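Given only the sequences and the hints, what does the whole structure look like? Please build it.
Quick note on numbering: the sequence shown equals residues 1 to 579 in this note's numbering.
There could be a bad hint or two in this list.
DEER-style ranges, computed between Cβ atoms [said to hold, decoys possible]:
no., residue 1, residue 2, range
1, Pro399, Pro362, 32 to 42 Å
2, Tyr577, Leu258, 52 to 62 Å
3, Gln412, Ala550, 23 to 33 Å
4, Tyr442, Ala145, 35 to 45 Å
5, Gln508, Thr80, 33 to 43 Å
6, Leu255, Gln412, 22 to 32 Å
Hints listed in this document are in silico derivations from the structure and should not be mistaken for laboratory results.
Keep in mind the model is a prediction, meaning the values are calculated, not measured.
Cβ atoms here follow ideal geometry from the backbone N, Cα and C, with glycine treated the same way.
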Amino acid sequence: MKEFEPLPQPDHLCWPLSQAAPQIQLGAQTPGPRKRWWARRQVPHPVAMGDSSGQPGIHSYKSLAEEGPFGSLELPKRPTGSLVMHSMAMFGREFCYAVEAAYVTPVLLSVGLPRSLYSMVWLLSPVLGFLLQPVVGLASDHCRARWGRRRPYILTLGIMMLLGMAMYLNGDAIVSALIADPRKKLIWAISVTMIGVVLFDFAADFIDGPIKAYLFDVCTHRDKERGLHYHALFTGLGGALGYLLGAIDWAHLELGRLLGTEFQVMFFFSSSVLTLCFIIHLFSIPEAPLRVVAKDIPPQQAPQDLALSSDRTYEYGSIEKVKNGYVHPELALQGEKNKTPAEQTRRAVTVKSLLRVLLSMPPHYRCLCISHLIGWTAFLSNMLFFTDFMGRIVYHGDPYSAHNSTEFLIYQRGVEVGCWGLCINSVFSSLYSYFQKALVPYIGLKGLYFMGYLLFGLGTGVIGLFPNVYSSLVMCTLFGVMSSTLYTVPFNLLTAYHREQQEEQRQQARCGGPDGSVRGQGVDCAALTCMVQLAQILVGGGLGLLVNMAGSVIVVVITASAVSLIGCCFVALFVRYMD
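Written out as structure tokens, the structure is:
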């Protein structure tokens with residue numbers, strides 16, 4: 001926006017706060033009874049960059065006696081059905097995650113992938129996500145697509161997930177149909193499958209940030225909390241259903257014979273569920289684009305006599321703050337033509353601007369990211385290797401024996417039981433996310449956060465010290481507590497931080513103080529989410545070394561327990577909680 005020089009201020013637009021406001025009707029074309037400008041009026045709701053509201057609805061300007069002319073934007077209360085529809089994206093995402101966990105290893109083995117390349121498959125995706133997630137988060141804060149800021153990114157990443165699944169579940173069949181040479185067939189099958197795994201894992205990890213930012217943009221604080229609980233609920237349900245379908249022997253069923261192999265059957269279910277869930281999600285809650293005001297109101301309609309006495313650049317939907325005892329209303333009519341090239345350049349997402357945003361992160365944001373990193377490191381240390389732990393430590397099987405040997409069959413049985421344990425984890429995660437709302441009034445977010453880390457640390461410690469089938473399956477319920485905690489509490493704290501920041505801005509505006517900038521929720525959600533990728537990097541690069549040094553997989557659960565208990569101390573001492 002252009003910066004305007006102070007203009008002579010007409011008497012009919014300025015008045016002391018202590019006096020009654022003159023009667024004004026802005027934009028009136030015919031004479032008639034005038035209305036007070038500060039009376040409640042409903043206008044299209046513009047979206048301010050970095051604001052927490054993205055919903056086209058009611059933008060209420062209240063009288064000075066209520067909340068000042070720049071009172072809070074009133075978002076409507078979202079019905080439960082809309083929040084459930086919004087949560088379907090998490091259901092579809094976790095369903096496909098469960099299919100990946102159940103089938104990626106058999107697929108990679110079936111195409112002949114060397115063991116030396118396993119680590120590259122699992123490390124490449126989190127490395128890309130860790131580097132690019134904040135970039136996309138910051139870019140979505142500035143996105144001006146007609147469909148909104150977040151949904152274009154969600155749609156793109158959803159398509160990438162479908163493409164990745166198609167490649168790793170059907171890559172071998174596609175390559176076999178196109179290439180006859182065995183050597184070329186092997187190379188292309190491995191390449192297509194690896195690219196599919198990396199693409200799916202990258203998109204599935206990446207999409208969590210835009211989904212959370214979409215929820216935060218269009219919901220009130222109370223609805224954000226409800227939405228996060230529904231997210232955790234449907235995350236658990238999607239994972240449970242995915243593990244259950246993955247445990248079925250489709251090769252001996254009619255559907256398996258019809259589609260060819262169990263890989264094609266799971267692609268049919270996964271693609272259908274993911275497509276349906278994302279269609280429901282994308283049409284759940286409307287999202288307004290950033291450029292609504294700029295396109296709908298021509299710049300020449302702006303009153304030329306408005307006093308824009310300010311030393312700052314105006315943003316979308318902004319209202320001039322109270323200064324020197326006078327109120328200066330601004331209609332935010334400056335459109336695209338009023339923007340200077342320098343301002344257009346400033347809005348571009350660059351590495352420099354990204355680093356500036358991340359380095360300027362307040363200390364309590366940074367502590368929240370560190371606690372999230374600790375939690376996911378502990379959780380992934382256990383979950384990524386749990387089925388292998390069950391097969392080798394609990395059942396005493398040997399994955400390197402001949403495939404027709406007793407030791408290998410025992411190992412396979414342990415892996416199957418481990419999958420049922422992961423299913424128990426998903427179901428209990430859904431149940432616990434439902435009861436979280438009842439626990440918050442009694443123990444607060446701090447109690448929930450601390451309890452999740454503590455129970456997970458104790459549960460993995462018990463499994464490591466007493467590795468047997470029944471204790472392992474029972475302790476899987478505590479894994480569900482940790483899973484639900486990681487999906488809800490950090491993002492609840494993030495919304496509380498943003499709400500506090502917005503309240504501070506309103507207080508500064510009422511007192512005539514300098515106008516600070518509100519941090520974009522997209523980049524903060526991305527910074528929090530990319531801790532998951534960093535945890536994957538740490539687990540993938542560090543646990544293999546620990547297992548080789550210790551000579552036993554039992555070090556995996558011991559490490560998870562120790563890291564989780566360290567996280568207990570961190571969330572209790574360093575994370576900031578809101579009343």
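The hints, checked one at a time:
no.	hint	result
1	Pro399 / Pro362: 32 to 42 Å	violated, 47 Å
2	Tyr577 / Leu258: 52 to 62 Å	holds, 54 Å
3	Gln412 / Ala550: 23 to 33 Å	holds, 24 Å
4	Tyr442 / Ala145: 35 to 45 Å	holds, 43 Å
5	Gln508 / Thr80: 33 to 43 Å	holds, 36 Å
6	Leu255 / Gln412: 22 to 32 Å	holds, 23 Å
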